[in-house]
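Chains V and A, in that order, give the protein sequences. If you read the first sequence in the working numbering, its first letter stands for residue 1, the second for the next number, and so on. If you read the second sequence in the working numbering, its first letter stands for residue 1, the second for the next number, and so on.
If you're looking for bench data, these hints aren't it; they were derived computationally from the structure. Just so you know, even glycine gets a beta-carbon here, dropped at the ideal spot from N, CA and C. Just so you know, not all the hints are guaranteed correct.
Derived list of chain A stretches under chain V, where covered just means 3 residues or more per stretch with a C-beta under 8 Å from a C-beta of chain V [said to hold, decoys possible]:
| # | region |
| --- | --- |
| 1 | 40-51 |
| 2 | 101-113 |
List time: in silico DSS-like cross-link candidates among lysine-lysine, alpha-carbon distance up to 27 Å [what the hints assert, rightly or not]:
| # | chain 1 | residue 1 | chain 2 | residue 2 |
| --- | --- | --- | --- | --- |
| 3 | V | LYS475 | A | LYS106 |
| 4 | A | LYS106 | V | LYS472 |
| 5 | V | LYS475 | A | LYS42 |
Pair ranges (Cβ atoms, derived) [what the hints assert, rightly or not]:
| # | chain 1 | residue 1 | chain 2 | residue 2 | range |
| --- | --- | --- | --- | --- | --- |
| 6 | V | PRO460 | A | GLY33 | 36 to 46 Å |
| 7 | A | GLY33 | V | SER457 | 52 to 62 Å |
| 8 | V | ASN474 | A | ASP30 | 27 to 37 Å |
| 9 | A | MET52 | V | PRO460 | 23 to 33 Å |
| 10 | A | MET52 | V | GLU467 | 49 to 59 Å |
| 11 | V | GLN214 | A | ASP70 | 53 to 63 Å |
| 12 | V | LYS472 | A | GLY33 | 49 to 59 Å |
| 13 | A | GLY33 | V | ASN474 | 30 to 40 Å |
| 14 | V | PHE462 | A | MET52 | 31 to 41 Å |
Residues per chain are reported as follows:
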Amino acid sequence: RRVSEMTAGVGGDGGMGGEVIEVQILPQDDNWGDNTTAITGNTSVRSESFQDVTIIGRDQETGVTFTCQRYVGSALCALVAFLAFLSPIAMVLIPRLNVIKLKSEHLKCDSECDGLLISFSFKLLILLLGSWALFFRQPKATMPRIFIFRALVTMLIFVFTFSYWLFYVVRILENKEEVRYRSIVYFAVSLVDALLFIHYLAVILLELRHLTPQYAIKVLRSPDGESRWYSIGQLSVQRAAAWVLEKYYHDFPIYNPYLDRLPSKKKHSTNSSFKYYDVDGNEENVEGQTRAVLTASARRRDSSHNERFYEEHEYERRVRKRKARLITAADEAFTHIKRMHEEQGPSAPMDPHEAAQSIFPSLARALQKYLRITRQQPRHTMDSILNHLSVCLAHDMSPRAFLEKYLVSSPILQNDKEHRGVQSWGLVCDQLLSRPINNGTIFQLRQADVCLLCIVSHMPHFSIAEEIIHPKSNKFVLRLNSETSV
Amino acid sequence: MTTRAFSHEPGTAMECLSIPITLEKEAGLDEHGRQVLKCGFKIGGGIDQDFMKSPQGYTDNGIYCTEVHDGSAAARAGLRVHDKILQCNGYDFTMVTHKKAVDYIKKHPVLNLLVARKGVTHS
Numbered sequence: 001r002r003v004s005e006m007t008a009g010v011g012g013d014g015g016m017g018g019e020v021i022e023v024q025i026l027p028q029d030d031n032w033g034d035n036t037t038a039i040t041g042n043t044s045v046r047s048e049s050f051q052d053v054t055i056i057g058r059d060q061e062t063g064v065t066f067t068c069q070r071y072v073g074s075a076l077c078a079l080v081a082f083l084a085f086l087s088p089i090a091m092v093l094i095p096r097l098n099v100i101k102l103k104s105e106h107l108k109c110d111s112e113c114d115g116l117l118i119s120f121s122f123k124l125l126i127l128l129l130g131s132w133a134l135f136f137r138q139p140k141a142t143m144p145r146i147f148i149f150r151a152l153v154t155m156l157i158f159v160f161t162f163s164y165w166l167f168y169v170v171r172i173l174e175n176k177e178e179v180r181y182r183s184i185v186y187f188a189v190s191l192v193d194a195l196l197f198i199h200y201l202a203v204i205l206l207e208l209r210h211l212t213p214q215y216a217i218k219v220l221r222s223p224d225g226e227s228r229w230y231s232i233g234q235l236s237v238q239r240a241a242a243w244v245l246e247k248y249y250h251d252f253p254i255y256n257p258y259l260d261r262l263p264s265k266k267k268h269s270t271n272s273s274f275k276y277y278d279v280d281g282n283e284e285n286v287e288g289q290t291r292a293v294l295t296a297s298a299r300r301r302d303s304s305h306n307e308r309f310y311e312e313h314e315y316e317r318r319v320r321k322r323k324a325r326l327i328t329a330a331d332e333a334f335t336h337i338k339r340m341h342e343e344q345g346p347s348a349p350m351d352p353h354e355a356a357q358s359i360f361p362s363l364a365r366a367l368q369k370y371l372r373i374t375r376q377q378p379r380h381t382m383d384s385i386l387n388h389l390s391v392c393l394a395h396d397m398s399p400r401a402f403l404e405k406y407l408v409s410s411p412i413l414q415n416d417k418e419h420r421g422v423q424s425w426g427l428v429c430d431q432l433l434s435r436p437i438n439n440g441t442i443f444q445l446r447q448a449d450v451c452l453l454c455i456v457s458h459m460p461h462f463s464i465a466e467e468i469i470h471p472k473s474n475k476f477v478l479r480l481n482s483e484t485s486v
Numbered sequence: 001m002t003t004r005a006f007s008h009e010p011g012t013a014m015e016c017l018s019i020p021i022t023l024e025k026e027a028g029l030d031e032h033g034r035q036v037l038k039c040g041f042k043i044g045g046g047i048d049q050d051f052m053k054s055p056q057g058y059t060d061n062g063i064y065c066t067e068v069h070d071g072s073a074a075a076r077a078g079l080r081v082h083d084k085i086l087q088c089n090g091y092d093f094t095m096v097t098h099k100k101a102v103d104y105i106k107k108h109p110v111l112n113l114l115v116a117r118k119g120v121t122h123s
């Protein structure tokens, strides 16, 4: 375990008399396992172990290969789409730029042709705006297998563009004598129409199809048993995994591995059941004594499930006590700070960061004790606490609002350390990852010691039938129990 | 002594005309499927009930027949709806609680009733 020691100094110009208060956040050291010996594969101080090599290989979040892998799919699709976008423009411009020699009267553009050119340009503009709105963004996830729908759309675009260019070359460039500019423009407009329809298809396949909920998916987190249910549409297994991870970071509480064993005040008794034999004692009472000892040890074994109940009860009580003290301390600390225009106090005006540093010591102890009992000290550094406090002061937040970050431990994104650029997860599934999910599909996502098991089940088909209650027959009769049938 | 059978104060003496009805119960099944002897009519009222709350608009605390089932022993014996039962097998039904009336009726397999009927025994 890391031992983090941080100190905060409060300056003397705040009227505190030049005190320096040291705040230390130390991890608790009761019975946390024997971690004084480190187990590695090393045989001597100078050698490298085989274990280290595999760990080096696994660190893929920042390598060049990883960034390449992340963007190669989207880059390819973007290239094909870009070429497809430029083709109609090229088809219209090529005769104009005298690349091929056409007679000048063939190049004349009458009003119909002008109208076509205007609609052509507007359609291109709409295609550009539509693609920008939907597709110009960072890819959300890097998936292990190819993304089938995106590949399908890209292939369609490629096939269309290729066939149009083929026809262009064959029909127009070979028949230079009889071709008119109008027919070239018609041709280019039909290509733009085809591209717009492919865009429509892409919107349906990539954005709209998975929005209708069809399955209910249960996400179960392994070390602490948190679970959530969601409704999900028709997706492939890898896309469903990306979707589940989105929801995971949004809904699940932070997993605190230190809270797996509840901290208990008293030392665990090292002997749960023991037998003793009184060698030197009275021979006549031996049987009675051992029987008494055995029943006592049996009773202790029976009450081990009670121990968990009482421990949890005690722990909750202590957490609530420290939480109450923390809230009181924060309330008192915040009353020391008033806005400058509200009250002209004796001290010099300070900016939010200095104000934070000046009131922090009065709630430092209560905050430290609370963080220690909820085992959150690794998550919050001194700097982060002071930053948060100065932000809250700058925005006139109340003490409870400042404390929310330490009292509420959900969702996962509440933990600053999870705000990395890239989060890697491993996906395990029986079936092929680009197959669609079905009733009974089970897949598993893993990261370090957190494991998410996702089970897909079918949502039932609802058969709703109309039931008519005729308003005239909706009458009531008072039933008195003073009538008896004999 | 009053002759008004349909506004009788329970406990006071009364003299009036009445119709004698002999009802022989028939065998039937109750809701649990057991064999019982059924008469085939429903009674309401009693000195522990409040006649002001009766939906049939009865005017005193006597035992009234509120329903006669079709084709039952009671219909065959001549009992009609809204008949006031004055006596059953010798028991006075002008001053009984509802539960007691039910118990008396269920006691014997043949009932000798004396009923008062509006429009027949009284105008």
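Violations among the numbered hints, reported as their numbers in ascending order: 3, 4, 7, 9, 10, 12 and 14
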